[in-house]
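Residue numbers (numbering that gives the first Met the number 0), protein chains in the order written: chain A, 0 to 316; chain B, 0 to 481; chain C, 0 to 221; chain D, 0 to 664.
A hint or two may mislead.
Here are the simulated SDA-like cross-link-like pairs (lysine to any residue), alpha carbons at most 25 Å apart as the crow flies [to be verified]:
no.	chain 1	residue 1	chain 2	residue 2
1	B	Lys-359	B	Val-41
2	D	Lys-152	D	Val-543
3	B	Lys-359	D	Phe-546
4	A	Lys-286	A	Ala-155
5	D	Lys-553	A	Lys-286
6	B	Lys-359	D	Met-619
7	D	Lys-152	D	Lys-553
8	D	Lys-152	D	Val-542
9	A	Lys-55	D	Lys-152
10	A	Lys-55	D	Val-543
11	C	Lys-57	C	Met-100
12	D	Lys-152	B	Tyr-101
Where chain D lies over chain C, by a calculated footprint (3+ residues, C-beta under 8 Å) [unchecked claim]:
no.	stretch
13	136 to 145
14	175 to 186
Hint data in this document are derived by calculation from the structure and do not stem from the laboratory. From a predicted model like this one, the values you see are computed outputs, not experimental measurements. Cβ atoms here follow ideal geometry from the backbone N, Cα and C, with glycine treated the same way.
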Amino acid sequence: MGITSALAAQFGQMLLVLALAPALTGLTRKMKARLQRRIGPPIFQPYRDLRRLFNKDVVLADNSSWLFRVAPYLIFAATWVAAALVPTFQTGLLFSWAGDLIAIVALLGAARFVQAVAALDTGTSFGGIGASREIMIAALAEPAMIMVVFTVALVAGSTQLSTIAAFMADTGGLRVSLAMALVALIIVALAENARIPVDNPSTHLEVTMVHEAMVLEYSGRHLAMIELAASLKLLLYISIIACIFFPFGLITDGAGLSAHAISLAAYLLKVTAASLLLATLETVIAKMRVFRVPNLLGVALMLGLLGTLLLFVSGGM
Amino acid sequence: MSMPAFSPIIALLLTSLIAAAALAFVRDYRWSARLNIFASLVALLFALLLFHSRPPADDLLLADDLNVVFIALNAFVGFTTSVFSASYIGHELETGRLTPGYLRFYHVMFQLMMFGMDLALTANNIGLMWVAIELATLSTIVMVGIYRTHEALEAAWKYFILGSVGIALALFGTILVYLAAVSAIGEGMGAMAWTNLLRHAVTLDPSLLNIAFVFLLLGYGTKVGLAPMHAWLPDAHAEGPTPVSAVLSGLLLNVALYALLRFKMIVAANPGTIAVGPLMITLGLGSLIFAAFMLCRRRDIKRMFAYSSIEHMGIIVFAFGMGGPLGNFAGLLQMTMHSLTKSAIFFSVGHVAQVKGTQKIADIRGLTSSHPLLGWTLVAGVAAIAGLPPFGVFMSEFLVITSAFARAPALAALAAFGLLVAFGALLLRLGSIAFGEPAGPLTPVRASYLPIFAHLSLVLVGGLYMPGAMVTWFQNVAGLLK
Amino acid sequence: MSPSPLAFDIAHMFAGGLVLVSFMMLYQDRLLPLINVLSLHSLLLALSVAWQAHIQDKPDLYVTAVIALGFKSIVIPMALRRMVVRMELHREVEVAVGTGMTMLLGIGLVALSMDLMLRVTAGANALVREDVALALSVVLLGLLMMVTRRNAISQVIGFMSIENGLILGGAGARGMPLVVEISVAFSVLVAFIVIGIFLFRIRERFDTVDLQALDRFRGEHR
Amino acid sequence: MPIVLACVAGLLAVSALSLPLLRHRAATAAVYSACLAISLVLCAAAVLSIGQADSETVLPLGLPWLGAHIRLDPLAYAFLAIVNFGAASASLYAIGYGRHEAEPARVLPFYPAFLAAMNLVVIADDAYSFLFAWELMSLASWALVMARHHAAKTAYAGLVYLIMASFGTFALLFAFGLLAGAHGDYAFDAIRAHHLSPGLAGLALVLAVVGAGSKAGLVPLHVWLPLAHPAAPSHVSALMSGVMTKVAIYAFIRVTFDLMGAPAWWWSLPALLLGGATAAIGVLYALMETDLKRVLAYSTIENVGIIFIAIGLALAFKASGLPGAAALALTAALFHSLNHMLFKSTLFFGAGSVIVATGEQDMERLGGLIHRMPISSAAFLAASMAISALPPFNGFASEWLIFQSILVSPQLPRMGLKLLVPAVGVLLALAAALAAACFVRAFGATYLGRPRTTAAGEAREADRWSLAAMLTCATLCLLTGLFPGIVIDWLQPAVTVLVAGQMPPQAAIPWLSIVPISASRSSYNGFLLFAFVAVSASFAAVVVHRFASRMVRKAPFWDCGYPGLGVVAQYSATSLAQPIRRVFATVAFAAHEQAEMPPPGDLRPASLRRFLRDPVWHFMYAPVASAVGASATLLNHVQFFTIRRYLSFVFVALIVLLVVLALWG
């Protein structure tokens, strides 16, 4: 098995997620609109937005520092690399062992850290609001995520996504704790991606803004980078959920072309389904008050912990 | 008494006596101060000579391993104190707190007190020792009252009355010991000599010894400053001239302690008697904890260190009460270190009080800024007395606590608690005395640092390295003490 | 050599008398009568010491007896009387603890000292034992007196009665050396005290430590 | 061995020699450069000789008939390296920073003594020398804290610090007393030889936790730390936080893994529980603070908690016969100790430069410094990311190892531990996340936004020595994060001695990645991730700038149409913490706010006050303190009794003793 094809697979996947991410956002928006009896923007609108933003000038605040300008690229890169570590349609990628699930979480954490810091750079109140709420949410979401990781890792005996996926594919089976972990992971995903009920991606009302408040000062290519990173993140979480809990169709290294095609199709199917679910969810439930969010995330944290503990009680190991 | 040609003991005693007599006739205080220093130096030399050649014990005087340690310490601190007081009294004259006449009196009394203490330490006769201690006490009493201010007189009174009662109790104890001995040894002087008493300890009447020890414990315990007989000590320290405070804490307490130890040896050697250990432990722990709490509320700097003396006497008595070779060793070490450290502290405190013109802790601030050298020496002294390394008290307290812990953990924990409280109290005051914005006059101080540094460096060396000879010596003594 | 029963009885009588007089002291609540009782006390001491000197045939004890007689039962009481008159103290009643209570305590003390001493089954013969037992009770009673009286002078008196008890014990102890020296030393002590009261006009101050003084001078606040 | 002793002696000599030349202006530079040189030598010696066999010697010092035992084993070497690297960087920093010291004479003599004492603790091999050095360390650091004696709080800080220190010393003393047994002597060899009954072992363990924990800042024994560390000069703060706490951790490891012999499973409980609590509570404290150095001090408490968690895991694994896992956990503990030394030093250096530049250490009065102090802000940012356990920095590497060892917990035989460990894991994750929040806040409020005071506006970049120290440490934070395998391999000798097991050799693994147990299980490659991120970031930047716009226009920031908002309108440190305060601290610290709105027409400004209550102080220390004070006041009356009363004391004592005799006879 030559290293070239492995590299090809790796980079192919990186480019795939990069290309797919805006489409996912667009798809979700579209479905939401349809569910709300609107026509909605076309699915490929996000690409156009991105192109427009890329070609716009950047308007920098007078007192912004180098940090403010570097941040978008860092955020994008961290998210992208994190996404690259998640097996989408093929496990056992060349670099997948460079970082396990914990590392992925931490990479996203780094991205968030940079974003929050950048939000404080100009010293506007919006940045403050956004950053302070973001760190509060993260302070609960990350532990919950770690708990989910624990549950899964204890089941699969590894924190390596490929290994987990393989394990799940073989001996998946249904477990109470896995179900709990799934719920917890979904909640975390909603929180991390600033979706309803935690945050509203399409609001610009100070009282409710979190993510949007942080990026308020950004414009032009910087904003484009951040938007892209955001949609990458959404895709990443969906891929994680998919490859942990619905690992069917995943192929390992060195499968034939047809297998590639099938698995790719399966992956696209999963993503579409996920975005449909997401759209439905965002349509049917309402945005929470900011200080109700901790309760929701607390539930996630508890579910994660319970999932872990139940493993022992149910004599899993 | 028929003595062989030359005996260092006699020489030691005579030095002080002659000096006292001579000082009575010296008018100029500078000369009297010098003479005082010289006499103390000579006494120190004779004391050190005792290590080299020791006369055989007769029925009045004796020098053995035990008391030579005390005598040497006594002479050394006496000498350094005389050096300190030479620089101290000059200032007192300037401020007019003392007149030349009183100064003469003071010097005479100083030597008399040294004589009394040396006699008490070298006496081989319980009656003689009693007389000697009374003499030393009386001379200190008059020195405490020498400023003749309201509170000085009052302190002297307290000291006088409590001391006299203590003396009375001690005498009764002495008589009882004699009675206990008389049947075993026979009438006369022989029945009052340490050597005989110790030799015949087993045959003495136990129940008489018990009662005797109770009286002696309280009588001499008053001098040691054990609670609840301590009341005279803080005032005497606070109101008298600082050299006297230094000598009181550094020496007189030890002398009384020495008497107690002697009697403890006898009583402990007799199988029929009650265990003296628990008594001493109780008194020691009581004094330690009591003094620790009293330290928390002190506002007068000298009184504060007086209470810390009570605390340390408590530790020492506790250690001796615990007994055992290690416990006694620890007690001896603690006693030596305490004498050196505490007198050093009083030296520096004396200068502080002189330069600041007050003993109120509230009015003494930021010494390390206003008078760096003096301030830091005080800090070092307090660190030493609080049992912090690299000073010797750390070692002795380590030994006290560990040796106690090995036998009675609960008591060790109690002692540790007391030490901790006292530590906190001292530190609290030190913080305001030595640090922060300076308060009070900033005039440079003409202090005599020699004695202070001598003491502190000895304590420092003791904490780092103890010569083997000294260790073996102390171990012998500890063995003697049982 | 065990003394004749007569000698025993006489010594016993003196010693017991001393205890009795200590009790008399305890219930005097005026100063002048108290001082008279003191001289009586010292007189009895002198007699018993003299008697001890006789039966132990130790002539030097006579010195002690003379000191007791001359110094303590005549000179000091006189001095004290003049002092009381000069300080106008002769009217005041100054017991801190009620007389009855004091008496009860005193009896308890005597019982205690007896109990302690009588279990001493020493070769020291009965005379010595009785004698020391009584001496102990005199000492304790004197201490009790010092504790229960407010006034300086009566405390001096209490102290002197302690001292008498000691001398009694010392004299009673057969062949005890230094008794004379000790009695002399004690007389010096007492003299100091009396002179002190005289010079410094201590009055009752050495009883009541007034707190203004503390605040003003000592930097010690309550 | 001779090198080490010579260096320690040298430090002491420096401290002694500094006394005469305190007056000179060159004293500062001289002393600190000497310390720098010596510490570097010591550090190098330790790093190189960790694999070597133990060497022992007995000096004729200290306790007679015992002597001062000195022993160098891998554990000692490991901590020697940590201690002396911290010392070296602090000295380097201080060469520049020390110039701004108001009263250098109060720092110079004690600084080398402090370093020497810390080294002595690590190499001491008998209880006496250990406690001697331990207490000397406290004394020297106390003196250094008191250097800023004009500040109002300092005296109080010093008081609390030294009392807690000697309290801890007594605890350790009793622990050693138990371990040595009634007749054993106090050499560590004798202690190793002596074995305890489980009950006594438990007691000794508790005492050790109290003794070491009170120095390390374990909740609830931490109260002195946030007072003392900030009070000291900043390079000393760095030493106390980054190094002295490590010495305390060394003490705990030495006692529990070495002296106490084979562990029982429940030994791990105190470390796990207290560690978890400390990690979570410490960082919450930090989030409530606005004083920059106090924030750092509290985050030190948090990291100590993390290290104790790892130690507890190691104990549990060792007791359960899982040497491999124990090695993993212990490596994580040591690694994190090293890392914390690195980034906490950097952070305190940064704080020190900020204080020098602005004279302010309250974050509410800072801000915008990134423009005036670009380099130190970059170092501070790197250290902040490291302490927040974010890749590719070293903090993440060590915490990742801890997580990995938590994931081994199912192999533990005890159900109790099985259930406890994941719960502790939650606390650890919570602490990590909150730490990120804390340092977003600290960095943001201090360096970002607009300056809140003129002093902050006119700040100047730190001198080159300080910058050198900061950059060195920050770079090392990155490097140890990129190549953790090297450090892990280096630590293995120490680990092997203590738990009789070791991690798989990392040097053998391709691509410089690390594998805690087996490759199939989990692996991490900081270097690769870093490379990816760097490459893709620059790639993206290049592409965008090449093919899309590269124009930049400057404009005022968006102010919602309310121009001229004052700098106070910025989000302050307090307001940044508000959501977290509302979520967490309402329970933990009974935090509440009191808004005061004057009625219309009333010209008073509206006010918002926030109230916090330190539960530990409120429920543990305040009662004790007041009890002692009350009893002292009560006893103090004895000072004012009359002579008659005092006489009656004597009288009563006499009667009591006589009665005792009567009853006894």
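Taking the hints in turn, this is what the structure says about them:
no.	hint	verdict
1	B:Lys-359 - B:Val-41	37 Å, violated
2	D:Lys-152 - D:Val-543	54 Å, violated
3	B:Lys-359 - D:Phe-546	81 Å, violated
4	A:Lys-286 - A:Ala-155	35 Å, violated
5	D:Lys-553 - A:Lys-286	36 Å, violated
6	B:Lys-359 - D:Met-619	33 Å, violated
7	D:Lys-152 - D:Lys-553	45 Å, violated
8	D:Lys-152 - D:Val-542	55 Å, violated
9	A:Lys-55 - D:Lys-152	55 Å, violated
10	A:Lys-55 - D:Val-543	11 Å, holds
11	C:Lys-57 - C:Met-100	41 Å, violated
12	D:Lys-152 - B:Tyr-101	47 Å, violated
13	136 to 145	holds (count 4)
14	175 to 186	violated (count 0)
Violated hints for the displayed structure, listed by number in ascending order: 1, 2, 3, 4, 5, 6, 7, 8, 9, 11, 12 and 14.
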